[in-house]
Amino acid sequence: MKWAAARDLLALMLVIAAVMPAARGLWLELPSSGPKCVSEELHNHVVVLADYYAFYGENDDLNNTVSPTISVKVSSPYGNDLYDKEKVTHGQFAFTTTEAGSYQACFSVDGDSHGGKTVTVGIEWKTGISAKDWESVAKKEKIEGLELELRKLEDAVQSIHENLNYLINRESEMREVSETTNGRVAWYSIMSLGICIVVSVFQLWYLRRYFQKKKLI
Amino acid sequence: MKFRIGIQMRLSAAVTAVMVILCSFGGAFGIRFVIDREECFSHKVEYGNTVHFSFVVIKSEGSWHYSEDGVDLVVKGPNGEQIHDIRDKTNDKHEFVAYHQGVYRFCFTNKSPYHETLDFDVHAGHFLYHDEHAKDEHFKPLFEHIGKLEEALYNIQFEQHWLEAQTDRQAIVNEKMSRGAIHKALLESAALIVASCLQVYILRRLFERKLGASRV
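Protein chains in written order, with the UniProt record's numbering: chain A, 1 to 217; chain B, 1 to 216.
One thing to keep in mind: the hints can contain errors.
What the hints assert, rightly or not - Now the in silico label distances, taken between C-beta atoms and shown as ranges:
id: 1; chain 1: A; residue 1: Pro-31; chain 2: B; residue 2: Ala-152; range: 35 to 43 Å
id: 2; chain 1: A; residue 1: His-45; chain 2: B; residue 2: Asp-85; range: 34 to 42 Å
id: 3; chain 1: A; residue 1: Val-137; chain 2: B; residue 2: Glu-159; range: 37 to 45 Å
To be verified - Not the full set, but computed from the structure, chain A residues with beta-carbon under 7 Å of chain B:
id: 4; residue: Leu-26
id: 5; residue: Leu-28
id: 6; residue: Ile-195
These aren't lab readings, by the way, just hints derived from the structure by calculation. Glycine residues also receive a C-beta, built at the ideal position from the N, C-alpha and C atoms.
Work out the full structure: start from the sequences and follow the hints.
Written as structure tokens, this is what we have:
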């Protein structure tokens, strides 16, 4: 039956998706010493879900039995540690942001007995809208298929709208800064000119007094 | 009979739906990092996907530099072939279609002596519709269109991320300019006062020497 084959393929894909969490993510090569940090600017109340997965070499061969261990540290914009783990090969972290700012995740290789092989870490992270747990929403509201897809699109459109509002606010703030700078430049040029004139008048007066005192004039 | 066909229809539609959900997972990854000399990223892309990527130089660490703070980006395919070569740009956005499946490498090179903060975003659209498993002719074109809509929305989100990064860069440039205006004005006034005091002092010394010589 055709749809039994479809079910098998679906199961296989689910298994693959579960086993290779960061296969879809971005891979970066870690230097042999020192941390490598990536960051992202996040707003307040944003859900962040991230998977990371370390392996040797530049391609993730599933035949590799040995995996390197790395240490991971995630910090908030004010320096608090949100996640700190050492000597792990793969893992997951999730948090909800409590302040807007730049959140940083630092990866570093443990030890230096890797025999010159490049250590690559794959990071996959979803923020905000893409981190929403759709299975639980579907189960809670008993929607499926077409309706679920359309709900996802509706959420996506809403997040785009919010982003746009944020950009508009940003732009108006920048415009204010530009206009203040414009005003300041004008005032400070006049101030500079004024100081120049005052100083030269003072010079003239002082020198005249000096020459008169020395009976040269 | 009718009831059984109804269930079959619903089930295959659900299967297709789940496939579509799994497949059109818009993977977009925007990250910021500090680049010293060279930095490389890899991304696994399926066959036939359209890959959109963008980068913006957010700021450069050196405060009094006047040179263009651009970076180079080289995009290489899984077989080593060069797909894109971008030189000396502060921001750019491009797309390409992946004709080979595999790991694509994005390598940035920083030519200026200062550290630069870079915002890089890559978004690969997935187009895996297993049409042979959808038995239902009513739902197939609908899901196809929904897939296209989803793809378009993810593209919009990608472009918004790029715009946001550019706005950040502009905000930093603006603030630098504002601070620079104040510093310039203060320095100029100080320089003028110092210059005129120096003038007065030199003239006094000149005349005192001359007066001293002539009176003696």
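Structure-based check of each hint:
1. Pro-31(A) to Ala-152(B): 35 to 43 Å: holds (39 Å)
2. His-45(A) to Asp-85(B): 34 to 42 Å: holds (41 Å)
3. Val-137(A) to Glu-159(B): 37 to 45 Å: violated (27 Å)
4. Leu-26: With Cβ-Cβ at 5 Å, under 7 Å, it holds.
5. Leu-28: Since the shortest Cβ distance to chain B is 5 Å, the answer is holds.
6. Ile-195: holds (5 Å)
Consistency note: the structure conflicts with earlier hint 3 alone.
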